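Given the sequences, and given the hints that come with them, work out the whole structure.
Chains as they are written, first to last, in this note's numbering: chain P, 1 to 389; chain S, 1 to 389; chain Y, 1 to 389.
Hint data in this document are derived by calculation from the structure and do not stem from the laboratory.
A portion of the hints provided could be inaccurate.
One copy or two, it doesn't matter: identical chains are merged, so the pair holds either way.
Straight-line alpha carbon distances no greater than 25 Å define the calculated BS3-like cross-link-like pairs of lysine-lysine that follow [claimed, not checked]: (1) Lys125 x Lys324; (2) Lys16 x Lys373; (3) Lys202 x Lys123; (4) Lys380 x Lys16; (5) Lys117 x Lys16; (6) Lys64 x Lys202.
These numbers were taken from a predicted model, which means no experiment stands behind them.
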Amino acid sequence: MTKASFVDESYLPNVKTWSEYYRAKVGFRNYWYAACLSTEIADGDWLARTILGEEILFRRINGKVHAIKDRCIHRGVKLSNRVECHTDSTITCWWHGFTFRWTDGAVTNIVGAPESKLIGRAKIKVYPVDEAQGMVFVFIGDPGIDVPPLSNHVPPMFLDEGRVIEGEVLVVESNWRLGPEGGLDEIHRYLHRTSTLLLETKATMPLGYRGAKTQCEIVDGEAWPKGIIDRFASDTMYFEVDIDTAPGAVTGVRFADTGTKKKRTVATSSWLPGVLRVEGFPEDGGCFFEFYVPINETQHRCFMMISQTCRTPQEAAQFRSRYKTRWRRYAVQNFLRQDVDARESAGRFYQHDRAWIEEILTEEDYMIIEWRKLSSRHSKGVQTPDHIA
Amino acid sequence: MTKASFVDESYLPNVKTWSEYYRAKVGFRNYWYAACLSTEIADGDWLARTILGEEILFRRINGKVHAIKDRCIHRGVKLSNRVECHTDSTITCWWHGFTFRWTDGAVTNIVGAPESKLIGRAKIKVYPVDEAQGMVFVFIGDPGIDVPPLSNHVPPMFLDEGRVIEGEVLVVESNWRLGPEGGLDEIHRYLHRTSTLLLETKATMPLGYRGAKTQCEIVDGEAWPKGIIDRFASDTMYFEVDIDTAPGAVTGVRFADTGTKKKRTVATSSWLPGVLRVEGFPEDGGCFFEFYVPINETQHRCFMMISQTCRTPQEAAQFRSRYKTRWRRYAVQNFLRQDVDARESAGRFYQHDRAWIEEILTEEDYMIIEWRKLSSRHSKGVQTPDHIA
Amino acid sequence: MTKASFVDESYLPNVKTWSEYYRAKVGFRNYWYAACLSTEIADGDWLARTILGEEILFRRINGKVHAIKDRCIHRGVKLSNRVECHTDSTITCWWHGFTFRWTDGAVTNIVGAPESKLIGRAKIKVYPVDEAQGMVFVFIGDPGIDVPPLSNHVPPMFLDEGRVIEGEVLVVESNWRLGPEGGLDEIHRYLHRTSTLLLETKATMPLGYRGAKTQCEIVDGEAWPKGIIDRFASDTMYFEVDIDTAPGAVTGVRFADTGTKKKRTVATSSWLPGVLRVEGFPEDGGCFFEFYVPINETQHRCFMMISQTCRTPQEAAQFRSRYKTRWRRYAVQNFLRQDVDARESAGRFYQHDRAWIEEILTEEDYMIIEWRKLSSRHSKGVQTPDHIA
Numbered sequence: 001m002t003k004a005s006f007v008d009e010s011y012l013p014n015v016k017t018w019s020e021y022y023r024a025k026v027g028f029r030n031y032w033y034a035a036c037l038s039t040e041i042a043d044g045d046w047l048a049r050t051i052l053g054e055e056i057l058f059r060r061i062n063g064k065v066h067a068i069k070d071r072c073i074h075r076g077v078k079l080s081n082r083v084e085c086h087t088d089s090t091i092t093c094w095w096h097g098f099t100f101r102w103t104d105g106a107v108t109n110i111v112g113a114p115e116s117k118l119i120g121r122a123k124i125k126v127y128p129v130d131e132a133q134g135m136v137f138v139f140i141g142d143p144g145i146d147v148p149p150l151s152n153h154v155p156p157m158f159l160d161e162g163r164v165i166e167g168e169v170l171v172v173e174s175n176w177r178l179g180p181e182g183g184l185d186e187i188h189r190y191l192h193r194t195s196t197l198l199l200e201t202k203a204t205m206p207l208g209y210r211g212a213k214t215q216c217e218i219v220d221g222e223a224w225p226k227g228i229i230d231r232f233a234s235d236t237m238y239f240e241v242d243i244d245t246a247p248g249a250v251t252g253v254r255f256a257d258t259g260t261k262k263k264r265t266v267a268t269s270s271w272l273p274g275v276l277r278v279e280g281f282p283e284d285g286g287c288f289f290e291f292y293v294p295i296n297e298t299q300h301r302c303f304m305m306i307s308q309t310c311r312t313p314q315e316a317a318q319f320r321s322r323y324k325t326r327w328r329r330y331a332v333q334n335f336l337r338q339d340v341d342a343r344e345s346a347g348r349f350y351q352h353d354r355a356w357i358e359e360i361l362t363e364e365d366y367m368i369i370e371w372r373k374l375s376s377r378h379s380k381g382v383q384t385p386d387h388i389a
Numbered sequence: 001m002t003k004a005s006f007v008d009e010s011y012l013p014n015v016k017t018w019s020e021y022y023r024a025k026v027g028f029r030n031y032w033y034a035a036c037l038s039t040e041i042a043d044g045d046w047l048a049r050t051i052l053g054e055e056i057l058f059r060r061i062n063g064k065v066h067a068i069k070d071r072c073i074h075r076g077v078k079l080s081n082r083v084e085c086h087t088d089s090t091i092t093c094w095w096h097g098f099t100f101r102w103t104d105g106a107v108t109n110i111v112g113a114p115e116s117k118l119i120g121r122a123k124i125k126v127y128p129v130d131e132a133q134g135m136v137f138v139f140i141g142d143p144g145i146d147v148p149p150l151s152n153h154v155p156p157m158f159l160d161e162g163r164v165i166e167g168e169v170l171v172v173e174s175n176w177r178l179g180p181e182g183g184l185d186e187i188h189r190y191l192h193r194t195s196t197l198l199l200e201t202k203a204t205m206p207l208g209y210r211g212a213k214t215q216c217e218i219v220d221g222e223a224w225p226k227g228i229i230d231r232f233a234s235d236t237m238y239f240e241v242d243i244d245t246a247p248g249a250v251t252g253v254r255f256a257d258t259g260t261k262k263k264r265t266v267a268t269s270s271w272l273p274g275v276l277r278v279e280g281f282p283e284d285g286g287c288f289f290e291f292y293v294p295i296n297e298t299q300h301r302c303f304m305m306i307s308q309t310c311r312t313p314q315e316a317a318q319f320r321s322r323y324k325t326r327w328r329r330y331a332v333q334n335f336l337r338q339d340v341d342a343r344e345s346a347g348r349f350y351q352h353d354r355a356w357i358e359e360i361l362t363e364e365d366y367m368i369i370e371w372r373k374l375s376s377r378h379s380k381g382v383q384t385p386d387h388i389a
Numbered sequence: 001m002t003k004a005s006f007v008d009e010s011y012l013p014n015v016k017t018w019s020e021y022y023r024a025k026v027g028f029r030n031y032w033y034a035a036c037l038s039t040e041i042a043d044g045d046w047l048a049r050t051i052l053g054e055e056i057l058f059r060r061i062n063g064k065v066h067a068i069k070d071r072c073i074h075r076g077v078k079l080s081n082r083v084e085c086h087t088d089s090t091i092t093c094w095w096h097g098f099t100f101r102w103t104d105g106a107v108t109n110i111v112g113a114p115e116s117k118l119i120g121r122a123k124i125k126v127y128p129v130d131e132a133q134g135m136v137f138v139f140i141g142d143p144g145i146d147v148p149p150l151s152n153h154v155p156p157m158f159l160d161e162g163r164v165i166e167g168e169v170l171v172v173e174s175n176w177r178l179g180p181e182g183g184l185d186e187i188h189r190y191l192h193r194t195s196t197l198l199l200e201t202k203a204t205m206p207l208g209y210r211g212a213k214t215q216c217e218i219v220d221g222e223a224w225p226k227g228i229i230d231r232f233a234s235d236t237m238y239f240e241v242d243i244d245t246a247p248g249a250v251t252g253v254r255f256a257d258t259g260t261k262k263k264r265t266v267a268t269s270s271w272l273p274g275v276l277r278v279e280g281f282p283e284d285g286g287c288f289f290e291f292y293v294p295i296n297e298t299q300h301r302c303f304m305m306i307s308q309t310c311r312t313p314q315e316a317a318q319f320r321s322r323y324k325t326r327w328r329r330y331a332v333q334n335f336l337r338q339d340v341d342a343r344e345s346a347g348r349f350y351q352h353d354r355a356w357i358e359e360i361l362t363e364e365d366y367m368i369i370e371w372r373k374l375s376s377r378h379s380k381g382v383q384t385p386d387h388i389a
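Quick look at the structure:
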């Protein structure tokens, strides 16, 4: 039986200022989302992905990626069970031969019923697709809506000229919302004090920041993208904390020989519809982007993208080499993996709608609430079971 | 908690002419159903099967198969967990010794309570059983109903004298209704164009039929069995179909040397409560029967029975040999397997009740609708959760 | 979505005299429950257990076991995912450094937010813990309730001086209520007639008792513990039962050379909140205790504890040796395993709330009903989904 909502709406009065975010358990509609890396779909290849619960079939034809709903309109089988493309412009359902045009979804032919009135009239859903910086994006939107440019829904700097990006994709067993919230998690540095990335980069890792806490910038003007920036660099770091009666029982990480180079990140930010940006991570001058794309209620696909601005092909090649030898190992597979583990553990709790009421946040978590409010204010609709079933 | 229905009844107004069929997600009551092959239960052996969600225990005693509910009336354990038959006429529950008579289900003794008043009064449910053509059938019916003869609920010709039958049983991961609907699926030949059966038999496989489409015969008089026959042989075959801008991109299969023999089937039919008959498949003069028996909401047991009329034991032996060497391989494991795969793929869609509203049928699918209407008209009750829990 | 009850409350009118027991699908609150064997948690070690659906983290510190809720109050992760104890008195959440005191649950520090107002104010739930006879017990209770002594909630004799106890723990796939009911199951001896324990001990195993049936003692005065005792020794044993038309088809077990020693148990009893006691099992003078601790709706943890009263260390050592060589093998792994199998089979039936209405009990099962009534009368609250979520 189809439910009207993915969440228990009886809790809505408890989350008044961010109720749309609470409801967006499977994401916000009418946004661009990362679908795959460009390298995951070579020319002529196809790829089936579940995004915001919608099953979508991608195919690259003469360089350009197209996307349609991965379900035949006739009797509901997945086209991807057996992809049959008799021409470049079409896909034919393997069962009865319903044939759809990739560009507009029109039924061009039905092998088993060549004179059916459905031909030229019925359509399969088609999704707008864009590609940039080595990633393929898809727009999950309502019929008839004006599709905004991709640049509205990725963080500033992501599309910068000269930016070279490398990264990995993995499926994380948690609701997507724990992703962007982690990007504004001011107080979680304790988690990372054991990361091998610190040894590798001789980076400073305080236990936290003490100070004015005026670093929250809400980017919420007319223009897009919109997001929340946490500029923590202005505060004072601390490296020792007492535990109960034991003074200084926990300590952060500082190295003697860090020289003149800045060795810590200074700002993180989360952007609609759910993308993290960390400047200066994991290397100076670089920038880290992490895309959290809802798969369903309990899983999201995480794109961990490490980038550097490069002026020459040589610089680009050097960065790609650093990525493969250092950052994949120390940043992606170690430091960032700690955050993934935390999301998966917390995901078990937050899959219960009541968790969003029961959590006890600290004063330092207020940027997370700002993020929820921002997301709610700019909601253009949330995904519901009806969009998927 | 027990639900009143297996389906979302809010959709009933959308399926007015076949609402009983829509509701029969786990089958129609008061029909005979195939339980097992005769060879699956030797004399003295027992077999536990779930049919229309009911757990049933079969035992063959002195040649005759009996069936009772596979759940002790006392504290609900499955008798089949440890079958203990101290006499030919009874089965004793392994826990407390409740003893039931196979013929009428009466409690004859209780080992742990030999003086209980339940003895001679309480009963376990007993099911009518029949056996024919190497298959065991069970009647899933309401208390007190008159049990019709088996011949009412199997297709015409199935019980013909001289018919020799061989076959296989498998569990298919789809709702049972996709079975008989596939029997009337006029337009699915495209699926089979790659079957090795065509090479083996040099059979003609058109992409479809073009013509008067007057071939639907609704067998719905006073007498039983009742069904829908698709006599497609009267129409004109076609072997080429355009795909978008590519003329003749898909072609059917024709062999040069088919000689004078008819090399294609001429009629298929589906019969209540859910049995397919295909004349002339896979060999001339033969007949194929396929029984779709609901297990639960998402699975059915499929009996693929290939037959030939034989006048002598020699002919019978030759047919059995052909079955083992050719038809099992090319028909059951290849051609018919393609249909099973399609049912399983579609089953994923149709497990959502809304799918029955969302499907978009072609004009050629009208016999499927006739089948749904026929089934609804003759419904003698549908299986509900209360019948099972 | 949170349900208000674990059971379908529409059946409550059908179980009027024991409705609280029916509702206690995941146990009764405000009772002491067995948590683990003392040997399962060495000094400094920790152990995570789910009891009545509540996830609890135990740690032994300087000999004494402490218990807190295994979920950080901040953002809900399990503390046991990575146990970090920087001092003996505390545990620190691995994510943001929330630090809790084991004794009272107080937040003593937050590594990431050392100046938060939550420090010294917020608390994590702490559970009372006791330890006796080589077992650790935890009190699952409501806030503010007076915690009674452990002796109230274990069977008489369990805490006797000189009692030496050995045992095993296993997870049983059935609702917990089938445990204590089995302790009063007067008529299930048929199940055990094939146990190798009978051969080993040359014990008499009748098929049942015939007689006055006045053996039910309801221990229900002012004092605790409270329970139901089945004193079956006063009745006459029988060893032969007819099956249908076959006289004496089933027989019990009697040995010729049992000598003067009593070779059978004479009384069993079940005690709140769900503990079995069997005197004289498996050896004369010994006593068997079995604790059935709810894990969730469909599982319970079973503590099978075999004991003997010993006056000297030598006697104790001899008993422990007998346990390891004989009783573990013949009693725990054979005789008692038969009961576990029965519980698991029946558990499949009783997981449906309707089973409690559909069961057909015999006259001999009346002590089971007395148990249900006793439990209901003394209910101090049942576990509901709200206690867990």
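Against the structure, the hints come out as follows:
Taking the closest pair of Cα atoms, Lys125 and Lys324 never come within 25 Å of each other, the shortest separation being 39 Å inside a single copy and 46 Å across copies. Taking identical chains as interchangeable, the C-alpha atoms of Lys16 and Lys373 lie at most 25 Å apart only when both belong to the same chain, with a minimum of 9 Å there against 46 Å between chains. For a Cα distance limit of 25 Å, the shortest separation of Lys202 from Lys123 qualifies neither inside one copy, at 57 Å, nor across copies, at 37 Å. With identical chains, the CA atoms of Lys380 and Lys16 are at most 25 Å apart within one copy only, with a shortest distance of 17 Å there and 37 Å across copies.
Taking CA atoms no more than 25 Å apart as the test, Lys117 paired with Lys16 passes between copies only; the shortest distance there is 24 Å, against 49 Å inside one copy. Taking CA atoms no more than 25 Å apart as the test, Lys64 paired with Lys202 passes in neither setting, with 43 Å inside one copy and 42 Å between copies.
Violated hints, listed in ascending order, are 1, 3 and 6; each of the other numbered hints is respected by the structure.
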